[in-house]
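**Student:** Build out the structure end to end from the sequences listed, making use of the hints.
In the order they appear, the protein sequences are chains X and L.
So in the working numbering, spot 206 of the first sequence is number 206, and the numbers just go up one at a time.
So the number in the working numbering is just where the residue sits in the second sequence, counting from 1, plus 1000.
The set of hints was computed from the structure by calculation and includes no laboratory data.
No residue lacks a Cβ here, since even glycine has one placed at the ideal position from N, Cα and C.
Among these hints, one or two may not hold up.
[Said to hold, decoys possible] Derived DSS-like pairs: lysine-lysine, alpha-carbon spacing no greater than 30 Å straight-line:
hint, chain 1, residue 1, chain 2, residue 2
1, L, 1085, L, 1184
2, L, 1184, X, 98
3, X, 41, L, 1097
4, L, 1330, L, 1175
[Stated by the list, open to error] Simulated DEER-style distance windows between Cβ atoms:
hint, chain 1, residue 1, chain 2, residue 2, range
5, X, 210, L, 1101, 31 to 41 Å
6, X, 14, L, 1143, 26 to 36 Å
7, X, 22, L, 1242, 16 to 26 Å
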Amino acid sequence: MKYCPHCQVQVLTETDKCPLCHQALNPNDEKGVVSFPPYSKRRNRWRKIVRATSISSATVILASILVNIFTWTGHAWSMIVTAGVLYVWLCGLITFRKATLLGVKLMSHSIGLTALLVIINIFSTNVSEASLTWAATYAIPFIDILFIAIINILMIAKKHTMRDFLISQFALSIIGFAPLVLALVGFANPMSMSIAAAIISGVTIIGCFLFAKKIVISELARKFHV
Amino acid sequence: MDIILNKNRGWYSLDNAAKIYPAITNARSSYVFRVAVNLKEDIKPEILQQAIIESRRRFPTMFVKLKKGLFWYYLESNGKMPLLKPEGPFLGHHIDKTTNNGYLFCFYYYRNRIALEVFHSLCDGGSAIELLKSVVFHYFQLQGKALDSEGLVITKEQAPDNTEIEDSFIKNYAKQKRAKSPVKKAYHVKSKKMPLGVGNGVINGKLSAKEFVALSKKSQATVTQYLVANLIYAIAQAYGPRIPRKRPINVSIPVNLRKFFNSNSLRNFTLFFHTSVYHHPGLTFDEVLGIVKESFQTELTQEKMQQTLNANVSAEKNMALRLTPLFLKKLALSLVANTLGSNLETCAMSNIGVVKIPSGMKPLIQDFEFNLPPENKLAFGIGVITFEDEMNVCFCRSIVSNEVERFFFSRLASLGLKVSVESNLREEVV
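**Tutor:** Set out below in structure tokens:
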């Protein structure tokens, strides 16, 4: 075993220098052992991807806003580009993030797509004529119905992971009543899609309580414990 | 066993100490500590993996995953396979739940070493040692060794007890007096940090426990008091001229409350107290030891611990805080951790004490290690653990310089103690 005369300590690790004072050790002394696995550089590909996509997204958004301002015709099309880029960036990251539950990923896509379509609806015409007609009448209820149905199918198909979808499903089902509210305040006409979304949302909530009461109550107790 | 799981509905709210950790982890602070055992033979990974799996039902509070609620995090039973991995070069690094099947602990093996790294929300060092001892005990049993637990190891044949899964902070909370001893803002070691991604520098010093006890007794001090005094003195020697007069060297010392409150909990049940020494040019070791002994006498009492416990739990019981959504709570908790935690500490030193194992296991085990990685503002963490005559003082640092370790161990060596050191030599890659 090597010995450092300066620190008066024995050195167990295989090294030519004292780990404390870094003075050279006697090379003729018995070699130590590799006490710890050797260092190897850790690669974080995910961080690089996030950084690269963040920079390119910000560049595209900034460029579109500048071009829109300098070529202004009363049409804020850069808002649509911004919303599109943000949707692809945010939801893309959520989709590929392993730690995020599938239910949360689907819910994020539903909310993201809704927001994107609302912005397209508002900004696809001149600023003075902006409205919410087709988004409130068709797009928002359709997206709600679609994602509630997808999660319902997954919950039935993967009963053992039902718990992982419950809270997202509840949140989506509550959001599913929003088109009806928009229709009632005059944003949507005809109301048929909005009513369908509200019915499916209501049926989903009641169904969860009827067929998986124990899991629902237990999951709510976990998520909302104070 | 199943009765206990059902009674707890398969989930647990985090205990009082555990609540803060998920909110304050960041790139520099993993709050992952490590306990390890060196055997006298190389590890057989297949058998060790089996031993880990078989311990699952005996430790229901450990084999869990961390989940987010609207107001608090909570722990949920984890049905996935607990993993055993070859030890990597990064000690006390974040446990990535995506590559660890959601578990908050991970077992590693390297040559003759079994290491258990644990996120602090799960349990404290004392409980982690119990899990490690139990797994090693079953590992030997699976190899056909006839061992008797002698009541010193938790075995898989015993059913988990309700007292093991209780939150002992809540159980021992009393509304009466609550107070925390005032602590001055501490001196923080200012030195070049290891770059992110390089990991922590580790230096383990191996000493003879008998020699160290004799040395402490000579100064009428306990082992922990002497270690803390030696640490403070080493910091003073290493950074003396740079320490401002108004900033004390504060060492945070975790206290295992199980001894004070007769608890069997396998979750967190630890509180901290601080010992503070102001540096001045003529500071001597005896002066430091005197201050340390005095602070142990005044702070390490049942009454003081009860008051601190009451103060901590009453904060958790505050209805306004409880009803604050988790994302806002995280902001508040990280602020509190900064103000009442790292701002008041120069470093932390935790002494787990003597590990007791059945006599049949003793010839198979070389020694134990305990590493306490540094946090954001703290340059190093020091873990101490003793098995038979082997006392391991494990330094883990986030700075390149290892001056404190040098002064710490060379002073002990100059007093005639036999000191052996091992290092991961991380400063060489910076």
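**Student:** With reference to the structure, classify each hint as holding or not holding.
**Tutor:** Going through the hints against the structure:
Pair hint residue 1085 of chain L plus residue 1184 of chain L does not hold up; C-alpha atoms about 42 Å apart against a cutoff of 30 Å. In summary, the hint linking residue 1184 of chain L to residue 98 of chain X is not supported, as the alpha carbons are separated by about 43 Å, beyond the 30 Å threshold. Distance check on the hinted pair: residue 41 of chain X and residue 1097 of chain L sit about 21 Å apart at the alpha-carbon level, within 30 Å; holds. Among the hinted pairs, residue 1330 of chain L with residue 1175 of chain L is consistent with the structure: their alpha-carbon atoms are about 26 Å apart, no more than 30 Å.
Range check, residue 210 of chain X to residue 1101 of chain L: Cβ separation about 33 Å, and the 31 to 41 Å hint holds. Under the hint 26 to 36 Å, the C-beta atoms of residue 14 of chain X and residue 1143 of chain L, about 29 Å apart, fit the expected range. Distance hint check for residue 22 of chain X and residue 1242 of chain L: the Cβ-Cβ separation is about 21 Å, which falls inside the suggested range of 16 to 26 Å.
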